[in-house]
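Visitor: Sequence:
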Amino acid sequence: MSSERIKAQKATLEFTLSSEDQELFKAAWQTARAHHGHTFSFYLPGMIRYGRQRGRYPAISITGNQCELLCEHCKGKLLEPMIKVKSPEALIRTSFHFAGNGAHGILLTGGADRTGMLPWELYHEAIRRVKEETSLYLSAHVGFPDSESCRFLKDAGLDQALIDAVGDERTAKGVYHLPGLRPVIKALDAIKQSGLALVPHVVAGLHYGEIGTEYGALEIISRFRPEALVIVVLTPLKGTPMSDVSTPAPLEVGRLIARARLLIPEIPISLGCERPRNRQGWLMERLAIRAGANRMAIWSKQAIEECKTLGLNLRFQATCCSLNYNDQLSAIGPENP
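In case it helps, the working numbering puts the sequence shown at residues 1 to 337.
Don't take each hint at face value.
Across the chosen pairs, the derived CB separations fall in these ranges [stated by the list, open to error]:
#, residue 1, residue 2, range
1, Asp244, Ser87, 35 to 41 Å
2, Glu80, Arg49, 15 to 21 Å
3, Ser330, Asn278, 43 to 49 Å
4, Ser19, Gly174, 34 to 40 Å
5, Leu263, Gly37, 17 to 23 Å
6, Ser243, Arg49, 40 to 46 Å
7, Leu122, Gly37, 38 to 44 Å
It is worth saying that the hints were derived from the structure and are not from the lab. Source: prediction; values computed, not measured. From the three backbone atoms N, C-alpha and C, an ideal C-beta is built for every residue, glycine too.
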């Protein structure tokens, strides 16, 4: 038996897992190692500070604070801390500024209209110019776009399309205020057909803290063979209908990641930046590592120690965790705040 296998088994005993969960995590761990080796990548996204280090991937809203869809878990609150632009010219100026100050890329996002669409057609030429005249990598949370919007974005040079994926009608209607699940599936297909790199995000606990729709989302996602999968965890926000909701238990999140790993073994899986930052969050991180994730946005000392205990080789990058690791973007390390 390899030393890595022995370390993994010993580490598993630290948790009170049922025999069924032990088998699930063991299978997911072995699958991850078979397809992704013994490396684990940590990311510092946005402009988040971590000790003396800072992310180099700012988020820019192309609609300011405006959102018409007003999903139940957000109500536009997630737009508030972002950099705002309200015109294509402003996007060009802002992007050039960040490019000149060492940014690796930018994350474009914004509030959706009542159909789930963002005004990407207005920014087509601006995105094209940014892509042609800078070295910035361009990602976008694209909302729930149609085929024409995806073609616009692909033609403009967008590198990567991020989209929230849900797995049932109840969540699509009750949380996202969409007419049903069909717009989500059509948007996933439109992104894939356009040739854009597809990176779905699954929000664990999206339906008022319950875990359920996420497994349906994984089944849907698996049909489209994405470039990567990001799993984030519901963060209750003040001023939203979910402000008092409890986040899912760490073990539930770990199980979800393990099931994702077994369903799409060759796809990179990341524990994204939206998740608790407390003891529960640290346990969530450790379980995610054991469950077969091979990326994580932002790290704790506990996560670093867990990787080392399990024999994983660490690497670090100051971008969103949706990006593949690139040696040229790795000028950060495991500094503790």
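Visitor: Confirm or reject each hint.
Guide: Hint check results:
1. Distance hint for Asp244 and Ser87: a CB-CB separation of about 38 Å, consistent with the stated range 35 to 41 Å.
2. The beta-carbon spacing between Glu80 and Arg49, approximately 18 Å, falls within the hinted interval of 15 to 21 Å.
3. Checked against the given bound of 43 to 49 Å, the beta carbons of Ser330 and Asn278, roughly 28 Å apart, lie outside it.
4. Checked against the given bound of 34 to 40 Å, the beta carbons of Ser19 and Gly174, roughly 36 Å apart, stay inside it.
5. Between Leu263 and Gly37, the C-beta spacing of about 20 Å keeps the proposed range 17 to 23 Å intact.
6. In this structure the hint that Ser243 and Arg49 lie 40 to 46 Å apart at CB is violated, the actual value being about 26 Å.
7. A beta carbon spacing of about 43 Å between Leu122 and Gly37 agrees with the range 38 to 44 Å that was offered as a hint.
Consistency with the previously given hints fails for numbers 3 and 6, ordered from lowest to highest.
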